[in-house]
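Going down the list, the protein sequences come from chains A and B.
Letter by letter, the first sequence follows residues 1 to 161 of this note's numbering.
Letter by letter, the second sequence follows residues 1 to 425 of this note's numbering.
Simulated from the structure, these hints should not be mistaken for laboratory data.
These numbers were taken from a predicted model, which means no experiment stands behind them.
Among the hints, a few may not be true.
Said to hold, decoys possible - What follows is a list of derived Cβ distance ranges for each label pair:
id, chain 1, residue 1, chain 2, residue 2, range
1, B, G313, A, D104, 57 to 65 Å
2, B, V425, A, G100, 56 to 64 Å
3, B, N69, A, T103, 27 to 35 Å
4, A, D52, B, T163, 24 to 32 Å
5, A, G81, B, D169, 35 to 43 Å
6, A, D104, B, M267, 51 to 59 Å
What the hints assert, rightly or not - In the SDA-like style, the derived pairs of lysine to any residue whose C-alpha atoms are separated by at most 20 Å in a straight line are:
id, chain 1, residue 1, chain 2, residue 2
7, B, K359, A, D43
8, A, K120, B, D370
9, B, K359, A, D6
10, A, K120, B, V425
11, A, K120, B, N36
12, A, K23, B, V425
Backbone N, C-alpha and C define an ideal beta-carbon position, used for all residues, glycine too.
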Amino acid sequence: MNSALDDMYREVILDHYRSPRGKKPIDRTDIASDGHNPSCGDDIILHAEVEDGVLKNIHVDCRGCAISVASGSMLAEIVKGKSFAEIEKIADVVKKMLKGEITDIPEGYGDLDALKGVQKFPVRVKCALLSWVTLIEGLRRYAGGKTHKAGAISTEGKNDA
Amino acid sequence: MAIDQHKKMVSTVPDMNVFDAERIKADFPILARQINGHRLVYLDNAATTQKPRAVIEAIGEYYRKHNANIYRGLHTLSEEATAAYEQTRSHVARFIGGTADEEIIFTRGATEAINLVAYTWGEANIKAGDEIVLTEMEHHANLVPWVILAQKKGAIIRRIPITRSGYLDLGAMDKVITPRTRLVAVTQVSNVLGTINPVADIVRRAHDVGAIVLVDGAQAAPHMPIDVTKIGADFYAFSAHKMLGPTGVGVLWGRRELLEAMPPFNMGGEMIREVSFERITWNGLPHKFEAGTPNIAGVIAFDTALSYLEQVGMETVRSHEKELTVYALDRLEDIGGLEIHGPLAAGDRGGVVSFVDPKVHPHDMSTFLDSKGIAIRAGHHCAQPLIRLLGHVATARASFYIYNDKSDIDALCEALREMRRFFGV
Chain A
1 MNSALDDMYR
11 EVILDHYRSP
21 RGKKPIDRTD
31 IASDGHNPSC
41 GDDIILHAEV
51 EDGVLKNIHV
61 DCRGCAISVA
71 SGSMLAEIVK
81 GKSFAEIEKI
91 ADVVKKMLKG
101 EITDIPEGYG
111 DLDALKGVQK
121 FPVRVKCALL
131 SWVTLIEGLR
141 RYAGGKTHKA
151 GAISTEGKND
161 A
Chain B
1 MAIDQHKKMV
11 STVPDMNVFD
21 AERIKADFPI
31 LARQINGHRL
41 VYLDNAATTQ
51 KPRAVIEAIG
61 EYYRKHNANI
71 YRGLHTLSEE
81 ATAAYEQTRS
91 HVARFIGGTA
101 DEEIIFTRGA
111 TEAINLVAYT
121 WGEANIKAGD
131 EIVLTEMEHH
141 ANLVPWVILA
151 QKKGAIIRRI
161 PITRSGYLDL
171 GAMDKVITPR
181 TRLVAVTQVS
191 NVLGTINPVA
201 DIVRRAHDVG
211 AIVLVDGAQA
221 APHMPIDVTK
231 IGADFYAFSA
241 HKMLGPTGVG
251 VLWGRRELLE
261 AMPPFNMGGE
271 MIREVSFERI
281 TWNGLPHKFE
291 AGTPNIAGVI
301 AFDTALSYLE
311 QVGMETVRSH
321 EKELTVYALD
331 RLEDIGGLEI
341 HGPLAAGDRG
351 GVVSFVDPKV
361 HPHDMSTFLD
371 SKGIAIRAGH
381 HCAQPLIRLL
391 GHVATARASF
401 YIYNDKSDID
411 ALCEALREMR
421 RFFGV
């Protein structure tokens, strides 16, 4: 088997893809944010509950390729209980890793290190980024006093990595 | 001179009394490539085809021996280049059923050919309230220019729907094409479903109500004998690169009286007759529509591509692809659980098979297949309205050409089975 392929579709990634975390709907929605990559057709809907500046609970509904689903699942796992500033920091590390600006991810980032293999497939970076960009956009809107806006976030085109 | 060179090139194409995909394969250097440790299995021919050695050589030969700008130079090289360029025009005219040379306009591709009609004929003839009829299976190239034109003019877009089995709903056609219809723009073969549309019937209906018809032949001209006069259309567009030729060359065929009445498209050199700062007169056909220096090398090499196809025979191309399509539909069906789109009767479809594995996203599929050296297309195939109608955001598509054989389809199906094991679905 091709090693770059095994590197991207690591067992951890495939496990997240087959049984994505964060599938359970949540009771209260403070943040709602949609992401959509029209050229792939990847679609993501995020709902989050916020308490005292901390993201208390998140529901991730992602329809897309293995990479976008796994990335969204890992996101659901790691952002729970984190402050907005902490989430921004994690997202920044994920972005840098996907773009190859850093090679290794620090300790405490859960399974996210497994997304490293996506670096070798530049056209797939936008798949891994979609959930992160969609969440960050939602957090910033919430911090700015808005819950939702019309039109989905995309990591294709101008936001492309 | 280029023409002799071209003849020599074509003579390297073996006579093919018996169709032999193996011999044809040997003419395509790229097919000897290894991709990720596997032989290249190229099944993305609806996107672009590979080029035979003769076409690649023809490009080099032009630059090595004949490079010059056409029409303008009164020197040997320019005369040679002009003659070879014009020879391709005559060849194209013969290839699509024997039209007049000046009805053949070279463009950058089918997309530009359709835009040319939208921006010239469309600008001059479409008014507010007029109706433009498209179909639900159009490629964006034959959809976006018309939608934009309609928005600009206040015209109305209507569409011929498709049936569940992937045919145009001809019963509905009579209700959609009405005396308000000014233009019908329809693809001859769907780049997603493979459906071969009864374009001659559609033309008859459109002409009955006085509408003009543009046929998008991008997926048809490369794969079957074409006679534009039998189709009866007013415009016919296709691309060289989908039929063994170079990228950046396309053809618009149009009826002379329409072309003559149309304003020019691009303005510049060669498209004028006389220029002063006060007054400009247009050149005659086809030059009126070919401003600036065209893709000379590409057009000249397209001549060789057409010769190659003629040596194989367009009837043979069609029957070979039909056989492969029957085989592919059977083998894909054997895998089980795949959603296969388009007509089930191979006689009604070109060599294009779109399918979806509900458990594996087409992009994951494409990445996996690539690791096995297999090139397919995954995505919306520039036909988003159709893909949405099919209930998807993306599909996988395998499309065939003369150098494909059953072993390519076997490789695809074997890899699709392995893919399911790999993803554990």
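Okay, the hints, checked on the actual structure:
1. Our hint of 57 to 65 Å for G313 (chain B) and D104 (chain A) holds, since their Cβ atoms are close to 59 Å apart.
2. In this structure, V425 (chain B) and G100 (chain A) break the distance hint of 56 to 64 Å, their C-beta atoms being roughly 30 Å apart.
3. For the pair N69 (chain B) and T103 (chain A), the beta carbons lie near 51 Å from each other, so the given range of 27 to 35 Å is not met.
4. Our hint of 24 to 32 Å for D52 (chain A) and T163 (chain B) is violated, since their Cβ atoms are close to 57 Å apart.
5. Distance hint check for G81 (chain A) and D169 (chain B): the Cβ-Cβ separation is about 55 Å, which falls outside the suggested range of 35 to 43 Å.
6. Checked against the hint of 51 to 59 Å, the pair D104 (chain A) and M267 (chain B) passes, with Cβ atoms roughly 57 Å apart.
7. Restraint check for K359 (chain B) and D43 (chain A): the C-alpha separation of about 16 Å stays at or below 20 Å, so the hint holds.
8. At roughly 14 Å between alpha-carbon atoms, K120 (chain A) and D370 (chain B) fall within 20 Å of each other, so this suggested pair holds.
9. Among the hinted pairs, K359 (chain B) with D6 (chain A) is consistent with the structure: their alpha-carbon atoms are about 19 Å apart, no more than 20 Å.
10. Straight-line distance between C-alpha atoms of K120 (chain A) and V425 (chain B) comes to about 24 Å, which puts the hinted pair past the 20 Å bound.
11. Taking the CA atoms of K120 (chain A) and N36 (chain B), the gap is about 14 Å. The hint holds against a cut of 20 Å.
12. Proposed proximity of K23 (chain A) and V425 (chain B) is supported: the alpha carbons are some 19 Å apart, at most 20 Å.
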